[in-house]
Amino acid sequence: MEKSTTLIYDGSFNGFLTAVFTAFEERLNVADIQTNNKGQSGLFSENETIFTNVEKAKRVWNGVRNKSHAAISNIYFAYLSEMEGIEILLFRYIQKLMGTKSNKHLDFSDDTMLRISQLARSVGREKHRMEAFVRFQLTKDDIYFANIEPDFNVLPLISKHFRNRYADQQWLIYDVKRKYGLFYNLKGVELVSLNLNEIHFNKIHKSDAFLNEEYDYQTLWNDYFKSTNIKSRINKKLHTQHVPKRYWKYLSEKKETA
Amino acid sequence: MNFERIREKLNILADAAKYDVSCASSGSTRKNSKNGLGNSTGMGICHSYTEDGRCVSLLKILLTNYCIYDCAYCVTRKSNDVKRAAFKIQEVVDLTINFYRRNYIEGLFLSSGIFKNPDYTMERLIAVAKKLREEENFNGYIHLKSIPGASDELMYQAGLYADRLSVNIEVPTISGLKLLAPDKKHEDFTKPMLKVKNELLRYKNERKIIKSTPKYAPAGQSTQMIVGATNETDKDVMYSATFYYKKYHMKRVYYSGYVPVAKDDRLPSIGSQVPMLRENRLYQTDWLLRFYGFAVNEILNNDHPNLDMDVDPKLSWALRNLQHFPVDINKADKHMLARVPGLGMLSVGKILKARQFRKLNWEHLKKMGVALNRAQYFLVCDSKSWERRDLDAERIKGMILQNSKGKFRKQYSQQLALFN
Chain C
59 MEKSTTLIYD
69 GSFNGFLTAV
79 FTAFEERLNV
89 ADIQTNNKGQ
99 SGLFSENETI
109 FTNVEKAKRV
119 WNGVRNKSHA
129 AISNIYFAYL
139 SEMEGIEILL
149 FRYIQKLMGT
159 KSNKHLDFSD
169 DTMLRISQLA
179 RSVGREKHRM
189 EAFVRFQLTK
199 DDIYFANIEP
209 DFNVLPLISK
219 HFRNRYADQQ
229 WLIYDVKRKY
239 GLFYNLKGVE
249 LVSLNLNEIH
259 FNKIHKSDAF
269 LNEEYDYQTL
279 WNDYFKSTNI
289 KSRINKKLHT
299 QHVPKRYWKY
309 LSEKKETA
Chain W
484 MNFERIREKL
494 NILADAAKYD
504 VSCASSGSTR
514 KNSKNGLGNS
524 TGMGICHSYT
534 EDGRCVSLLK
544 ILLTNYCIYD
554 CAYCVTRKSN
564 DVKRAAFKIQ
574 EVVDLTINFY
584 RRNYIEGLFL
594 SSGIFKNPDY
604 TMERLIAVAK
614 KLREEENFNG
624 YIHLKSIPGA
634 SDELMYQAGL
644 YADRLSVNIE
654 VPTISGLKLL
664 APDKKHEDFT
674 KPMLKVKNEL
684 LRYKNERKII
694 KSTPKYAPAG
704 QSTQMIVGAT
714 NETDKDVMYS
724 ATFYYKKYHM
734 KRVYYSGYVP
744 VAKDDRLPSI
754 GSQVPMLREN
764 RLYQTDWLLR
774 FYGFAVNEIL
784 NNDHPNLDMD
794 VDPKLSWALR
804 NLQHFPVDIN
814 KADKHMLARV
824 PGLGMLSVGK
834 ILKARQFRKL
844 NWEHLKKMGV
854 ALNRAQYFLV
864 CDSKSWERRD
874 LDAERIKGMI
884 LQNSKGKFRK
894 QYSQQLALFN
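Protein chains in written order, with my numbering: chain C, 59 to 316; chain W, 484 to 903.
Excised from the complex, chain W in its bound form (with noise of 0.2 Å):
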C-alpha cells in the first residue's frame, strides 16, 4: 500500500463527503454467513463523535470529488478551486476491510462526484460493493449513493449489494433547485427514489411467497435536504419531507444547516452562522410526524409557516391549542399523553405500565424522568396540587423559559450580553 498517496486521498475525499449527514447504520438485517466478516443486524452503533458532535459510524467517502456539475451549494462543484483526487475500487475495499477488522466502522457509505455520466458513475459504486461482498464476503453495512440519472437497471443491482441507498434532494423547492441547480431536472432526483421504492416493494411480496428471496436495501433508502440556503420557509420543507415519506417510503429524511461553502449571490454569505437551531426544531418536528402521531398541518400551515425558535415545537402546539388541556395522565389515551410537552415516549410507556398498579403523583413522575418543567401545566395526577389559575399561553410559555435552560438559549435571547 502507498501509504503517503493513500492518506493524502483520504484528507481530500473524506473532508469533500462530510456534508452528507446519514450516517445511520441501522435497520439492516444481514446476518454474518459462512464464518465471514461482519454482522449488521438491528441496533447501528456509532463508533465515535467529532469535535462537532456528529456520529461517526460509517467510513464515508467520496469515490472521486471530480464532478461535471455546478451545483452552487455544493464544495466540489466543477467551477470551484479544489484539489482533487479519485480512489481505486481496491483502495476504498482494502481501506474498509481493515477499518472494519479493527472495529473502527459499522460499514463503507460511498458517495461520487459525477464524472463523465450519471451512468458510469453509477457502475463504479456498484463495483465496488460487490467486491466487498462477493470477494471480500463482508456483511457489515453499505450506504450506495444513488446517483441523479442514474438508469433503473443499475439501481436495481445496487440494491442487490447495498443495505441502504440514498438520493440527496438537496433543494427542498423546484424553484431553489433552477435557481441553485440549473443542470439537474427535479426528475433526475425522484426517478431513482421511486425505482427502489418499486424494488423494495416488490421483493417484500416475493418475500411472502418465497422465503429465501434475496435481499434488496434491507435498511430502505434516505434523502437530505439543505435548510437555509434558499428562502424556504419551515412548512416548505416539512411538507416535501413529508411527500417524501409517503411517495417514496423514505425510512428518513436529514436535515443539514447550510454550511457556507462558496461566494455566489444566490446563496448565503461565507462566515454566515449555520442554523443549527433551526435544524434541531426541524428533526424535533419529523420526530413528531413519524413517533408521535402528529399530522404535518397541526405543527405548520398557512398562519404558522415556520417553527418557533424559542420553545420546541411540541409545546408550541400545546400553547396554541390549550383547549385539549389539562389531561389526566391516570386515564389518557397513548395518543393523548404523547401530545403532553414534556413527555417522550419512552416516560409514556413508563407510565401505561405504571398506572395498572396504582395511581401516579408528582413523584411518580418526576422519578421517571418526565420533564414536569413543561409538563406540570398540561397535567393533572393523583395529587391535590395542579395549576389551578386559568393561565394563558403567554403566561405558561414565559413560566417555562424562565424555570429552564436552552441550549440555544443565548442564540436568541432578547437580552444583550454585558461581556461579549
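Looking at chain C on its own, in the form it has when it is part of the complex (with noise of 0.2 Å):
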C-alpha cells in the first residue's frame, strides 16, 4: 500500500493553502489534513507539520483564481464553513478541479464539487443574513456597536460591505462565538479582541454603556415593527423561516419573544 501523510497546520487559511501547495509539491498521498490542536494521528498515516508560508499560499490561491474566479470564491467560503474534514474536501476539490481543462467546478453531478458549492451558498446566505440582522447600538464613546453569534465564520467576509455602508462612523462587531471582532475607526478596518465582561443584546438588559437616546431609538424601531404587521395575514411558520430564532436574542424587535 501506498504511504500516506496526515499533514497538520495552523488553522489559518493561509496555512491550509500552504498544505495544499506542500500536498501538490511532494506528491503527497494525502489521508487528511488537521488543525494542530485536533492531533488525531490516523493509523495507517504519517504526520507532516506544515508552516505556513505566504509565498506558497499565493501560488495556490492565483493558480485556483487563473483557473476560475467562481471556484476561489467557493473554496474561501467554504473554508469559512469551519465544518468538520472540510480541509480534506476542499482538497480534493482542488484537485479534480486542476486535473481537468474544462470548468470542473461547474460539474454539479460529482459529489465533491456539488457539496462544495452547496456549502460556499450557505455560508453566503449566512454572510447576507449577518448584514441584515447586525443591529447596531450607540455607546457613550460614539461608537456603533454590535454583537453577533454567526454559525460560520463570517466576519472577514462582511468587512467591505460595512466600510462601504458606514465610511462617515465608527462601528465595531464582535463575533462573541468566535472572539474577535472588526473595528472601524474612519480611516480603516482592523481586528479587535475585546474583553467583554458582558454581552450586550438588546434593550431588555439595560447598559449604561450606552446613552437614553439609544433605548429611545431601539422603542421606536420596535413600535414601527409592530406596527407595519397585518394582523389578518399571520404566518408565524414563514415568519421564523425567514429569521431563525437562533439570532433573536440580538434583534431588538424581538425582544419580548427572545
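Don't take each hint at face value.
As the list claims (entries may be wrong) - Lysine-lysine pairs mimicking DSSO-like chemistry, simulated, CA-CA at most 27 Å apart:
#, chain 1, residue 1, chain 2, residue 2
1, W, Lys-571, W, Lys-661
2, W, Lys-661, C, Lys-245
3, W, Lys-850, C, Lys-185
4, W, Lys-514, C, Lys-185
Unchecked claim - Simulated coverage check for chain C against chain W, where a stretch passes if three residues somewhere in it have a Cβ under 8 Å from a Cβ of chain W:
#, stretch
5, 144 to 154
6, 192 to 199
7, 220 to 228
8, 272 to 281
9, 294 to 305
Said to hold, decoys possible - Simulated restraints on C-beta separations:
#, chain 1, residue 1, chain 2, residue 2, range
10, W, Lys-561, C, Gln-227, 38 to 44 Å
11, W, Asn-813, C, Phe-109, 45 to 51 Å
12, C, Ser-126, W, Asn-784, 44 to 50 Å
No wet-lab data here; the hints were simulated from the structure. Where a beta carbon is used, it is the ideal one built from N, C-alpha and C, also for glycine.
Make one complex out of these two single chains by using the hints.
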C-alpha cells in the first residue's frame, strides 16, 4: 500500500493553502489535513507539520483563481464554514479542479463539486443574513457597537459591506462565539479582540455603556416593527423561516419573545 | 426630539402605510461617495420580517394620512374615522438617518395621503428626499410614491433624488376604478408613469454619450394592484400587469390580496379572508412571464380565465399541453427545460452545466434539488426507469397531489376536517 500522510497546519487559511501547496509539490498521498489542536493521527499514516508560508499560499490562490474566479470564492467561502473535515474535502476539490482542462467546478453531477458549491452557498446565505441582522447600538464613546454569533465565520466576508456603507461613523462588530471583532476607526478596518464582561444583546438588558437616546430609538424601531404587521395575514411559520430563532436575542424588535 | 409625540405619529403613519406591499431595495446603483453615509448597490437586504412573513427592508411611512380623496378600498379615505397625523420634513429625515445608522433599514419608502392638491403633496415628498441626499449626504435607498395627478416637472425632480418611483394603480380594471374611486381618473395614474418612463429612456440614451450623466430613478418604477376587491378575473389582472410591464417598462408589478378595511357594499365585508392563495398564484404567474419565457395567453385565456388553485400555474399549463412531454433532460434546450414542472431556473442552470460532463440520471437531479415528485412525469433521463404508462392529465394531477404537501392545501381541501 502506498504511504499516506496527514498534514498538520496552524488553522489559518494561508496555512491550509500552504498544506495544499506542499501536497502538490511533494506529490503526497494525503490522508487528511488537520489543525494542530486536533492531533488525531491516523493509524496508517505519517504526520507532517506544515509551516505557513504566505508566498506558497499565494501561488495556490493565484493558480486556482486563474482557473476560475468562482472556484476560488467557493473555496474561501466553504473554508469559512469551519465544518469538520472541510480541509480534506477542499483538497479533493482542488485536485479535481486542477486535474482537468474544463470548468470542473461547474460539474454539479460530481459529489465533491456539488457539496462544496452547496457549502459555499450556505456560508453566503449566512453572510447575507449578518449584513441584515447586525443591530448597532450607539455607545457613549460614539461607537456603533454590535454583537453577533453567526454559525459560520463570516466576519471577514462582511467587512467590505459595512466599510462601504458606514464610512462616516465608527463601528465595531464583535463575534461573541469566535472572540474577535472588526473595528472601523473612520480610516480603516482593524481586527480587535476584547475582554467583554457582558454581552450586549438589546434593550431588555439595559447597560450604562449606551445613551438613553439609544433606547429611545430601539423603542421606536420596535413600535415600527409592530405597526407594520398585518394581523389578518399572520404567518408565524414563514416568519421564523426567514428569521430563525437563534438570531432573535440580538434583534431588538424580537426582544420580548427571545 | 419630542419622543412621545414622534412615537405616536410613527405608530399612526406606519400603520397606514403597511398595505403597500413593495419593499424592494434592490437594483439601484448608488455608491457611497465622499465618505458619506450609505450605499445601495445591487442586492437588496431584508433587515427583518414581520409576523405575517413580509420583508422589512425600508422605513415605510406616510408623510401624512390626511387625504382629500374617498377611495373605498383605502384605510385613509376621508370618510373613515381614524386618528390623523402628519410628520414634519425634518422628523422623517432624522428617523431615517438614525434607523439607517443602526442598520435597521436599507432606506426610506415615503408615501402620503393627498392634502390640498397632488402637486403640493408631491413637493413635500421631494423635499424630504432632497434633504436626505443633499444635506445628509445619504446614499441609501429612497422609494417615493408618485402622487396621481402630479405635474411632469415634479415627476422629473423626484427621479433625481429617488431610486425608485411608483404609482399604485390599485384597481386592475377601469370599470372597477370608477366604482371604487370615483374622484380619480385613470389618466391621473398613467400620466406620472409615462413621464417617468420617458425620462428613464432619455437618461439612458444620454448616458451612452456622456458617461457622467446624473442618475434618474436607477431602480426604475413599479406599481401595485389590489386583487379580490372587485370581481376581476385572474386574466384581467395578468393582462393589465403585462400591459404595464410593456407600456411603462415597470420593474415590478405587485399583487396585494385585499384586506377588508371598510364597511362598504361595494367591497368584501370586514372579516372575510384575505385571498392569499390567489395572490401566491398570481406571483407565480408573474415569475413565469418574466423569467421562464411564458407568454401570458399560454397561461390565461378565454378558456382559462382563472388560475387553478390546487396546482401551480406551470404544472397546470403542462397538464393542458402534455403533447410537449416527456422532455429529455440531457438534450432539451434551456427554453424547454424551463417549462418542466418542478424545475426552477437555478436547477435549469445546474443541469445545463453538469450535463457537459456526463449524462444525468434521477440520482443527479435529486441531489441538485429538483422537485422530482412533479418533474418525474414530464422527464426522461439516463435511466431505464421512467414513467411508461400513458397517463392522462387527471391521473398525473391526482398522483402529484397525493404524494405532496402544499402549504395552502387545507384552504381548498374537499375533505371535511374531523376536528375544527
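Going through the hints against the structure:
{"no.": "1", "hint": "W/Lys-571 with W/Lys-661", "result": "violated, 34 Å"}
{"no.": "2", "hint": "W/Lys-661 with C/Lys-245", "result": "violated, 59 Å"}
{"no.": "3", "hint": "W/Lys-850 with C/Lys-185", "result": "holds, 24 Å"}
{"no.": "4", "hint": "W/Lys-514 with C/Lys-185", "result": "holds, 20 Å"}
{"no.": "5", "hint": "144 to 154", "result": "violated (count 0)"}
{"no.": "6", "hint": "192 to 199", "result": "holds (count 5)"}
{"no.": "7", "hint": "220 to 228", "result": "holds (count 6)"}
{"no.": "8", "hint": "272 to 281", "result": "holds (count 6)"}
{"no.": "9", "hint": "294 to 305", "result": "holds (count 7)"}
{"no.": "10", "hint": "W/Lys-561 with C/Gln-227: 38 to 44 Å", "result": "holds, 42 Å"}
{"no.": "11", "hint": "W/Asn-813 with C/Phe-109: 45 to 51 Å", "result": "holds, 48 Å"}
{"no.": "12", "hint": "C/Ser-126 with W/Asn-784: 44 to 50 Å", "result": "holds, 45 Å"}
When each numbered hint is compared with the structure, violations occur for hints 1, 2 and 5.
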